[in-house]
Amino acid sequence: DSGVTQTPKHLITATGQRVTLRCSPRSGDLSVYWYQQSLDQGLQFLIQYYNGEERAKGNILERFSAQQFPDLHSELNLSSLELGDSALYFCASSTRDRGADTQYFGPGTRLTVL
Amino acid sequence: QQPVQSPQAVILREGEDAVINCSSSKALYSVHWYRQKHGEAPVFLMILLKGGEQKGHEKISASFNEKKQQSSLYLTASQLSYSGTYFCGTRTGNQFYFGTGTSLTVIP
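Residue numbers (the numbering used here), protein chains in the order written: chain Y, 1 to 114; chain P, 1 to 108.
Hints may be right or wrong, so weigh each one.
Some chain P residues close to chain Y (C-beta under 8 Å, calculated; not the full set) [stated by the list, open to error]: (1) Phe44; (2) Tyr74; (3) Gln79; (4) Tyr82; (5) Gly84; (6) Phe87; (7) Phe96.
Once the Cα atoms are required to be at most 35 Å apart in a straight line, the calculated DSBU-like pairs of lysine-lysine come out as [to be verified]: (8) P/Lys67 to Y/Lys57; (9) P/Lys68 to Y/Lys57; (10) Y/Lys9 to P/Lys59.
Over 10 Å on every C-beta distance to chain P, these chain Y residues come out as not near it, computed from the model [said to hold, decoys possible]: (11) Leu11; (12) Gly16; (13) Gly28; (14) Leu30; (15) Leu43; (16) Gln67; (17) Glu75.
Quick caveat, the hints were computed from the structure, so don't treat them as lab data. Where a beta carbon is used, it is the ideal one built from N, C-alpha and C, also for glycine.
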């Protein structure tokens with residue numbers, strides 16, 4: 001158990017819908033990272049927040065957005081869902097900002113878009 | 001740019017050694033190594049920073065050559081529990097990239 005929690009574990013929805021994935025980092029960690037893992041694309045970095053502020057942005061679509069709240073939990077919002085958005089979404093947390101320390105991964109949310 | 005890992009897949013017998021390579025086309029600040037078992041989250045193995053650092057974790061060690069923009073993971077005397085997909089993760093500027101993955105299967 002990494003100490004990072006993600007809800008829900010599974011999500012099944014239809015194309016065009018909007019969903020919110022939630023992540024609670026390990027106690028004391030200020031950085032949260034979001035990743036998407038699909039069969040054909042591997043593990044892709046989406047976005048990083050540190051202490052409530054966006055720090056780095058990867059291959060995140062405009063239909064996706066994220067935020068980190070004052071209590072440090074983070075949410076990833078996916079809208080106008082397409083079949084290709086079906087994937088495992090992981091969040092990870094770390095203590096510092098610069099990515100030079102360990103990232104602890106949550107168990108993931110499996111999103112299925114029908 | 002996604003780092004390229006080699007080999008893509010490897011099958012070992014228990015007790016054999018393996019090397020997994022990670023190569024980037026961009027300058028690297030740090031390299032992380034993770035192992036992921038099917039359907040589970042990646043689990044951190046180790047991190048290497050610039051400076052040619054080499055680290056070890058039980059029978060797993062790694063090296064990082066920032067001039068060549070490469071890192072290698074060494075698994076010695078492999079155990080059944082080593083099976084999984086290994087990813088290198090790199091930071092280039094403000095971006096994080098994971099490698100293409102290496103599937104490692106250890107058989108009795």
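Do the hints match the structure? See the list:
no. : hint               : in the structure
1   : Phe44              : holds, 5 Å
2   : Tyr74              : violated, 20 Å
3   : Gln79              : violated, 22 Å
4   : Tyr82              : violated, 18 Å
5   : Gly84              : violated, 13 Å
6   : Phe87              : holds, 6 Å
7   : Phe96              : holds, 4 Å
8   : P/Lys67 to Y/Lys57 : holds, 26 Å
9   : P/Lys68 to Y/Lys57 : holds, 26 Å
10  : Y/Lys9 to P/Lys59  : holds, 33 Å
11  : Leu11              : holds, 16 Å
12  : Gly16              : holds, 28 Å
13  : Gly28              : holds, 16 Å
14  : Leu30              : holds, 16 Å
15  : Leu43              : violated, 4 Å
16  : Gln67              : holds, 18 Å
17  : Glu75              : holds, 18 Å
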